[in-house]
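K.L.:
Line by line, the protein sequences give chains A and B. To convert, note that position 11 of the first sequence is 14 in this note's numbering; the numbers rise steadily by one, no gaps. To convert, note that position 114 of the second sequence is 799 in this note's numbering; the numbers rise steadily by one, no gaps.
Mixed in with the good hints there might be a few duds.
[Stated by the list, open to error] Across the chosen pairs, the derived CB separations fall in these ranges:
# : chain 1 : residue 1 : chain 2 : residue 2 : range
1 : B       : Lys756    : A       : Val153    : 30 to 38 Å
2 : B       : Lys693    : A       : Thr64     : 35 to 43 Å
3 : B       : Val753    : A       : Val279    : 55 to 63 Å
4 : A       : Met142    : B       : Ile784    : 32 to 40 Å
5 : B       : Asp691    : A       : Thr64     : 16 to 24 Å
6 : A       : Ala278    : B       : Ser788    : 50 to 58 Å
7 : A       : Leu189    : B       : Ala718    : 55 to 63 Å
8 : A       : Ala100    : B       : Glu828    : 50 to 58 Å
By construction, these hints were calculated from the structure, which means they are not laboratory data. Cβ atoms here follow ideal geometry from the backbone N, Cα and C, with glycine treated the same way.
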Amino acid sequence: MSNQIAILLAVLLFPGGVFALAFGLAMKGVDRRVAARLQSRVGPPLLQPFFDIIKLGFKRTMVPAAANQTVFLYTPLVGVVSMLIAAALVPITSVYAPDPAIGNLLVLLYLLMIPGIVLMIAGSASGSPYGAIGFSREMALMIAYEGPLVLIAAAVAIRTGVGMGGWATFSLNDIVAYQQAHGSFLFDPVMWPAVAAFCFFYPANLGIVPFDIPEAETEVLEGPLLEYSGPVLALFKIMSALKKVVVLSLGIALFFPAAPANIAAGFLVWLIKMAVLMLVGITAVRLSMGRMRIDQAFVFFLKWPLLLAVASLAVVVVV
Amino acid sequence: MGLIPDFKQIATRSPWIYRINAGSCNGCDVEMATTALIPRYDIERLGCQYCGSPKHADIVLISGPLTVRVKDAVLRMYEEIPDPKVTVAVGVCPISGGIFRESYAVLAPIDQYIPIDVNVPGCPPRPQAIIAGVAKAIAIWRERL
Ligand code: SF4
Numbered sequence: 004m005s006n007q008i009a010i011l012l013a014v015l016l017f018p019g020g021v022f023a024l025a026f027g028l029a030m031k032g033v034d035r036r037v038a039a040r041l042q043s044r045v046g047p048p049l050l051q052p053f054f055d056i057i058k059l060g061f062k063r064t065m066v067p068a069a070a071n072q073t074v075f076l077y078t079p080l081v082g083v084v085s086m087l088i089a090a091a092l093v094p095i096t097s098v099y100a101p102d103p104a105i106g107n108l109l110v111l112l113y114l115l116m117i118p119g120i121v122l123m124i125a126g127s128a129s130g131s132p133y134g135a136i137g138f139s140r141e142m143a144l145m146i147a148y149e150g151p152l153v154l155i156a157a158a159v160a161i162r163t164g165v166g167m168g169g170w171a172t173f174s175l176n177d178i179v180a181y182q183q184a185h186g187s188f189l190f191d192p193v194m195w196p197a198v199a200a201f202c203f204f205y206p207a208n209l210g211i212v213p214f215d216i217p218e219a220e221t222e223v224l225e226g227p228l229l230e231y232s233g234p235v236l237a238l239f240k241i242m243s244a245l246k247k248v249v250v251l252s253l254g255i256a257l258f259f260p261a262a263p264a265n266i267a268a269g270f271l272v273w274l275i276k277m278a279v280l281m282l283v284g285i286t287a288v289r290l291s292m293g294r295m296r297i298d299q300a301f302v303f304f305l306k307w308p309l310l311l312a313v314a315s316l317a318v319v320v321v322v
Numbered sequence: 686m687g688l689i690p691d692f693k694q695i696a697t698r699s700p701w702i703y704r705i706n707a708g709s710c711n712g713c714d715v716e717m718a719t720t721a722l723i724p725r726y727d728i729e730r731l732g733c734q735y736c737g738s739p740k741h742a743d744i745v746l747i748s749g750p751l752t753v754r755v756k757d758a759v760l761r762m763y764e765e766i767p768d769p770k771v772t773v774a775v776g777v778c779p780i781s782g783g784i785f786r787e788s789y790a791v792l793a794p795i796d797q798y799i800p801i802d803v804n805v806p807g808c809p810p811r812p813q814a815i816i817a818g819v820a821k822a823i824a825i826w827r828e829r830l
């Protein structure tokens, strides 16, 4: 019973729920501010994403006549809930360890697919042709990046499992504990292909330039989000903020969980790592590149990240 | 502001902007799209953001004299913008038709069809004027929330 309550608290308060939401939105604010400064603009206030969410709460929700009302209104909720649960699955070194019953890499992989699927369903339920285009692009992109992700996860699991004298372990706690004891995978040459592949994967998964093809506002008018307005649109913004926290935190847990054993220091180190990942991997990339076409992105993913991921799996199995 | 923050006040710090081209010569659009967003004028500091979909918009910038051809499309687009919304007419075209005023193909003034809250005259108006117009629109929007 008490561990059910612990899981519930983890989902609703920390590291999921309130904390992940506030942190995700704050990261977005910093991202926009830094982006503006790099373009020598003043930029929005740091709390701008919070203002946006509150503003959306005041607006009217419109449902297009062509849409399937139930699906249209409730799919974003599924996405938000999946991300809340996912946030409770990712360990933060010496601060938070998920309950062994839920802290599983495979479960997390499935949960991470849900926001993409939610966008696809939302796009097609809206009955708008742009939503349909967004649907097909999202699907193509998912096919392109899910493969490498699964291979990366397998490489990490096997490396940990073999290191611990077994075959493969998908427990996130074990993965973190193993790296704490034997050094992070980031400094392990065998894992470098997987690290590189992950660096390609997460901009695509988070839908930022150059891989924001399904939601390109200049060509498909934000695709699946086109018909959404008001509070329901806010749910999508919340979902993507949560997803950002989950994916970046997962990257840290998989490859570089090293942190001091002290709770406060561990948390601080985690914050710094998140900030670096975000500024280098999201803000800088987003500003220095243009959007790819869907066919270019697809071919790109089948060429490099998939190759790297296969290579990393092969190396891990052989070594 | 007491213990509970004034959410309406906070909400007005996030006006999202949508542009409708009602048959403009593109002069005003260039001013709105590029000039108002380049570093020197940056309206993102007011919390503004250009959005791709009319359903996300709070403040509508309309340019052009409303030609007969686009009238239905513009009215439909205007309907798609969720309340509460504020309309800003950019350029002299929506006010009187501007240089197109004697044409048989224009329906200006635009406020016969759409309620206009703020006029920003000029052909095209200076970026500073557009920003002032947007700021005024935010003040009106605050009352409507
Ligand atoms: S006001 Fe002038 S610049 Fe603007 S659309 Fe009309 S003619 Fe073009």
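K.L.:
Run every hint past the structure and note whether it holds.
P.N.:
Outcome of the hint check:
no.: 1; hint: B/Lys756 to A/Val153: 30 to 38 Å; in the structure: 53 Å, violated
no.: 2; hint: B/Lys693 to A/Thr64: 35 to 43 Å; in the structure: 18 Å, violated
no.: 3; hint: B/Val753 to A/Val279: 55 to 63 Å; in the structure: 56 Å, holds
no.: 4; hint: A/Met142 to B/Ile784: 32 to 40 Å; in the structure: 48 Å, violated
no.: 5; hint: B/Asp691 to A/Thr64: 16 to 24 Å; in the structure: 23 Å, holds
no.: 6; hint: A/Ala278 to B/Ser788: 50 to 58 Å; in the structure: 56 Å, holds
no.: 7; hint: A/Leu189 to B/Ala718: 55 to 63 Å; in the structure: 43 Å, violated
no.: 8; hint: A/Ala100 to B/Glu828: 50 to 58 Å; in the structure: 51 Å, holds
Figure legend: structure checked against the earlier numbered hints; hints not met, in rising order: 1, 2, 4, 7.
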